[in-house]
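Take the given structure of chain A and dock chains B, C and D to it, following the hints.
Protein chains in written order, with my numbering: chain A, -1 to 285; chain B, -1 to 285; chain C, -1 to 285; chain D, -1 to 285.
One thing to keep in mind: the hints can contain errors.
All copies of an identical chain are treated as equivalent in the list; a pair is satisfied when it fits inside any one copy or across any two copies.
[Claimed, not checked] The calculated lysine to any residue pairs, modelled on SDA-like cross-linking and capped at a C-alpha distance of 20 angstroms, are: (1) K218 to A207; (2) K125 to S211; (3) K200 to E219; (4) K238 to N250; (5) K218 to L206; (6) K238 to P228; (7) K241 to R266; (8) K193 to P232; (9) K200 to A97; (10) K200 to G139; (11) K124 to S56; (12) K1 to G43; (13) K234 to N250; (14) K125 to L206; (15) K156 to A207.
Since the hints were derived computationally from the structure, they do not count as laboratory data. Quick caveat, the model's predicted, so the values are computed rather than measured.
Residues per chain, in single letters:
4 protein chains.
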Amino acid sequence: MSKRVSFLGMGIMGRAMAPHILEAGYELTVYNRNAEKTREIASKGAHVAATPEDAAKSGDVLICMLTGPEALEDVVFGERGLSGADLQGKIIVNMSSVAPAYNLQLASRLEESGAAFVEAPVSGSKKPAEEGNLVILAGGGDKVLEELEPLFLTMGKKVIRCGPVGRGAMMKMAINILLGTFIEGLAEMLNFGEKGGLSRDKLLDVVLAGPLSCDLFRMKEEMLRNEEYPVQFPLKHMAKDLKFAVDTAFENGSTMPTAHTIMQFYRRAVELGFGDDDFTAVGEALR
Amino acid sequence: MSKRVSFLGMGIMGRAMAPHILEAGYELTVYNRNAEKTREIASKGAHVAATPEDAAKSGDVLICMLTGPEALEDVVFGERGLSGADLQGKIIVNMSSVAPAYNLQLASRLEESGAAFVEAPVSGSKKPAEEGNLVILAGGGDKVLEELEPLFLTMGKKVIRCGPVGRGAMMKMAINILLGTFIEGLAEMLNFGEKGGLSRDKLLDVVLAGPLSCDLFRMKEEMLRNEEYPVQFPLKHMAKDLKFAVDTAFENGSTMPTAHTIMQFYRRAVELGFGDDDFTAVGEALR
Amino acid sequence: MSKRVSFLGMGIMGRAMAPHILEAGYELTVYNRNAEKTREIASKGAHVAATPEDAAKSGDVLICMLTGPEALEDVVFGERGLSGADLQGKIIVNMSSVAPAYNLQLASRLEESGAAFVEAPVSGSKKPAEEGNLVILAGGGDKVLEELEPLFLTMGKKVIRCGPVGRGAMMKMAINILLGTFIEGLAEMLNFGEKGGLSRDKLLDVVLAGPLSCDLFRMKEEMLRNEEYPVQFPLKHMAKDLKFAVDTAFENGSTMPTAHTIMQFYRRAVELGFGDDDFTAVGEALR
Amino acid sequence: MSKRVSFLGMGIMGRAMAPHILEAGYELTVYNRNAEKTREIASKGAHVAATPEDAAKSGDVLICMLTGPEALEDVVFGERGLSGADLQGKIIVNMSSVAPAYNLQLASRLEESGAAFVEAPVSGSKKPAEEGNLVILAGGGDKVLEELEPLFLTMGKKVIRCGPVGRGAMMKMAINILLGTFIEGLAEMLNFGEKGGLSRDKLLDVVLAGPLSCDLFRMKEEMLRNEEYPVQFPLKHMAKDLKFAVDTAFENGSTMPTAHTIMQFYRRAVELGFGDDDFTAVGEALR
Chain A
-1 MSKRVSFLGM GIMGRAMAPH ILEAGYELTV YNRNAEKTRE IASKGAHVAA TPEDAAKSGD
59 VLICMLTGPE ALEDVVFGER GLSGADLQGK IIVNMSSVAP AYNLQLASRL EESGAAFVEA
119 PVSGSKKPAE EGNLVILAGG GDKVLEELEP LFLTMGKKVI RCGPVGRGAM MKMAINILLG
179 TFIEGLAEML NFGEKGGLSR DKLLDVVLAG PLSCDLFRMK EEMLRNEEYP VQFPLKHMAK
239 DLKFAVDTAF ENGSTMPTAH TIMQFYRRAV ELGFGDDDFT AVGEALR
Chain B
-1 MSKRVSFLGM GIMGRAMAPH ILEAGYELTV YNRNAEKTRE IASKGAHVAA TPEDAAKSGD
59 VLICMLTGPE ALEDVVFGER GLSGADLQGK IIVNMSSVAP AYNLQLASRL EESGAAFVEA
119 PVSGSKKPAE EGNLVILAGG GDKVLEELEP LFLTMGKKVI RCGPVGRGAM MKMAINILLG
179 TFIEGLAEML NFGEKGGLSR DKLLDVVLAG PLSCDLFRMK EEMLRNEEYP VQFPLKHMAK
239 DLKFAVDTAF ENGSTMPTAH TIMQFYRRAV ELGFGDDDFT AVGEALR
Chain C
-1 MSKRVSFLGM GIMGRAMAPH ILEAGYELTV YNRNAEKTRE IASKGAHVAA TPEDAAKSGD
59 VLICMLTGPE ALEDVVFGER GLSGADLQGK IIVNMSSVAP AYNLQLASRL EESGAAFVEA
119 PVSGSKKPAE EGNLVILAGG GDKVLEELEP LFLTMGKKVI RCGPVGRGAM MKMAINILLG
179 TFIEGLAEML NFGEKGGLSR DKLLDVVLAG PLSCDLFRMK EEMLRNEEYP VQFPLKHMAK
239 DLKFAVDTAF ENGSTMPTAH TIMQFYRRAV ELGFGDDDFT AVGEALR
Chain D
-1 MSKRVSFLGM GIMGRAMAPH ILEAGYELTV YNRNAEKTRE IASKGAHVAA TPEDAAKSGD
59 VLICMLTGPE ALEDVVFGER GLSGADLQGK IIVNMSSVAP AYNLQLASRL EESGAAFVEA
119 PVSGSKKPAE EGNLVILAGG GDKVLEELEP LFLTMGKKVI RCGPVGRGAM MKMAINILLG
179 TFIEGLAEML NFGEKGGLSR DKLLDVVLAG PLSCDLFRMK EEMLRNEEYP VQFPLKHMAK
239 DLKFAVDTAF ENGSTMPTAH TIMQFYRRAV ELGFGDDDFT AVGEALR
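Bound-form chain A, shown alone (with noise of 0.2 angstroms):
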């Protein structure tokens, strides 16, 4: 597989994650809206790109690592966009998080321009994006997934082929409403213990130290013991999440009770001033 790869998006994910591609010997072009968060990865070697088009004229498989659909259309179909280049041969994957529909109607607008396209959202946030430990959701056909498997384990110690493009999508939005689950839980099981006598430290220290221990908890340890909330995943960003995920489950028509119930406290939380918070905030608002 050609070694030329451009990133485009250099947020918090994508600073994380572009150096391990350069690590492995590939020839990195990388493009951000604002130059200023490109210049460390550039000081390692990467090439930098004026615009998407430029950037896609760099690269054979070209990564799009975004906030979302308003930036993709941007970056994608906008004045100088990706779709200005001759795309021809080439392999998009976005690997930004999206709804599974979202992800279908890009692949079909880029049909007719020769691009392959795959989507491939991760499980995992900065610190394992750091160490490259993602774990990437791939959707997209075999053969070509096949042929970017090594690319993404620069980036991810796993790559799971999910099916059709939609189907990483769908799988990240599972994953998401876990994640919500395990969080919420979390916090109704300090507030339940504090109220019965029980200091939140041993509560952590028992549920740390036991089956239900997982590197989510880990990673929250230090806001749980402060409650303080510095932002890693925006408590408004969860409750969006799970708003979709229920909204797809009233169309799948899957029973979700619990889901429902946290998407409430999540946006109850937002309502309280609590969205710009990590999304571990929203035990204050059971208070």
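Below, chains B, C and D without anything else, positioned relative to chain A:
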């Protein structure tokens, strides 16, 4: 501390825990209503007492690991029960899972006997018990807990001193809420993902590879993949434990929306005939 | 049937109900712990008994309309209680709102006395009581209920024979669930409409003009318009009644998602300080 | 005001409403896609228009009572639609149940035409429509609503002016939430009571005799007694309306725990095959 320990209750947990005491060099006496279940540990060197009263005479620390208040009433206060012996200076350790109020009541009813009372329910089930990896949730006086620490550490990897009697049981209840939440959350997520075209196996692969992976899920992995639920912790007990937790929440005024929601679904699963399966079967109530 | 009736309990309800019995030509004796509250009815011609025992002697039908089990224990089985008198051939009618199990227990504890026991909680509060418009939810033997019918119809416009003792209380509990649901549902709808730019007054106008209009809403209209909630039926009692209902549902396996949801919000409203307001105040917990 | 009215949509509601306009002395033109349904009203003296455009020409007030946005798009903006006619000075009244946002959009799209736009969804279904007893939830400018009042009062007993366009639809949505809550609450209460040994008929007797009795329950009484649910308002529409309401609540930040809970059960009832029954069938999802 005295090395004479009596262990009352050779159920699944008792049989897994007691051998560690023996191996650590304590002089161990065991009692079980059905003597059949004492054979294996007897073959390793434990004495077998014919009655709880006899067990009380042979030990200085008397551990109860029984199914609940009914069995405890029988073993402690029944004919030829523990309380028939002279308990002056002995330590009674209730490791059974019961309500905080019941342990407080036990403590007060045993006060005159001259025995010290301690509660020590555990986090972890059969496998951690076999491996000596339980987390012990101790409630009682500091001095006596200090004294018991080495004994506890034969059975567990960690002892959390939760406070006075009652707090250990409270901790256990808090943990159970989270246990129930994890499994219900996972069940909803699997159900949702399957309706969205993903395979149960891939969904589990992703969960087990990422930040939500935990020993609980690894223990239940086989059940979840096979959709068969041979009992480890019966679903009907989880339903009852959760009911008890929300009752407690009603009393102490904690807001527990998720706990109420999942309690209803465990109860519903009992109604649908899954009460004697492992509590992992709760997902069947969502279909 | 005998025309000698004793009425024990001159609370809000008792004082509203007893005059109808007097007006219908019965010979009425009343009892209340605080004798102050018997004055008005005495001035209309009722006898006042100094103790429940005396009341029992002066009547052949002994009606209890008390706040709950505690008061009943006192009045029926306490010192100088009903049961101190010779009850042979008398009829004891418990109109207080209590659990089915408690009425069954009363019936069995009174069996030896030779008195017949009947339960007759009511649907309707102060105003229907004053107007003689209660609905009487009778549980007991057919013959004795037949006999009591004319007496009941002095206080109520309708008698529903619910079955044996216990069923009347069950019916009352079922009605309370719906009562709580109507008010919580209305509260949510008002809150939702106000957030959507509609005035509380217009929302109420529409509800009261259409197919959802009911006496309950008309009785609470003023409270809802003024957002002030002088107590008629205390919110904390509604919380407790709903808790009792979901406990019963847990036992008998009924699925009651709405009842669980609203119970939590009434409980939350207690926590927020509205326990002594009318239960119509529950909407304040949604803000 | 002009006496020339056109009524578009001769569905269940339209056929029940239009005759009142005729009887009040207005000159009435009707339109329906399937002309069959215009026969009866034609026989009473109404003109029948072949197209919406023709209907627009024959009336000064143009009433739409259609199934939803799709039908409205067709009738208003489709080929030979209303907007093909000169609408200058006319009043368009949308009585169909649609989202507030859609009515706002209609208003703005019709602005250039010179027609005034008013929304007027109704509270009440077939029977109140036949009796001229609807409650009309009007949204629009004060002057035009003033002018329409006599026309509205031919069809309804009460007109509530809810505010500018959008507020009428908002009011309708609020009413629907309560409608859904009443029926789900009653269903749970019946189910609960039956499990407790009471008969469905007695439970309904008590509800219908007391302060919770309302026209809605009287209209559904027969269904509830027979447990057969011939459609008046399809359950699947209630599920969709409630989903739309909770979506709106998510946007505007209202806390609606009960609405979320009942929405899930209506949705579940659809999944279980009751979507085309009357929404009163929701209780079947609780079994």
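Against the structure, the hints:
no. : hint         : result
1   : K218 to A207 : both (15 angstroms within a copy, 18 angstroms between copies)
2   : K125 to S211 : both (18 angstroms within a copy, 16 angstroms between copies)
3   : K200 to E219 : within (12 angstroms within a copy, 28 angstroms between copies)
4   : K238 to N250 : both (18 angstroms within a copy, 13 angstroms between copies)
5   : K218 to L206 : both (11 angstroms within a copy, 19 angstroms between copies)
6   : K238 to P228 : within (19 angstroms within a copy, 38 angstroms between copies)
7   : K241 to R266 : both (12 angstroms within a copy, 18 angstroms between copies)
8   : K193 to P232 : neither (27 angstroms within a copy, 25 angstroms between copies)
9   : K200 to A97  : between (39 angstroms within a copy, 19 angstroms between copies)
10  : K200 to G139 : between (49 angstroms within a copy, 16 angstroms between copies)
11  : K124 to S56  : neither (27 angstroms within a copy, 58 angstroms between copies)
12  : K1 to G43    : within (14 angstroms within a copy, 67 angstroms between copies)
13  : K234 to N250 : between (24 angstroms within a copy, 14 angstroms between copies)
14  : K125 to L206 : both (19 angstroms within a copy, 18 angstroms between copies)
15  : K156 to A207 : between (26 angstroms within a copy, 8 angstroms between copies)
Checked against the numbered hints above, the structure violates hints 8 and 11; every other hint is satisfied.
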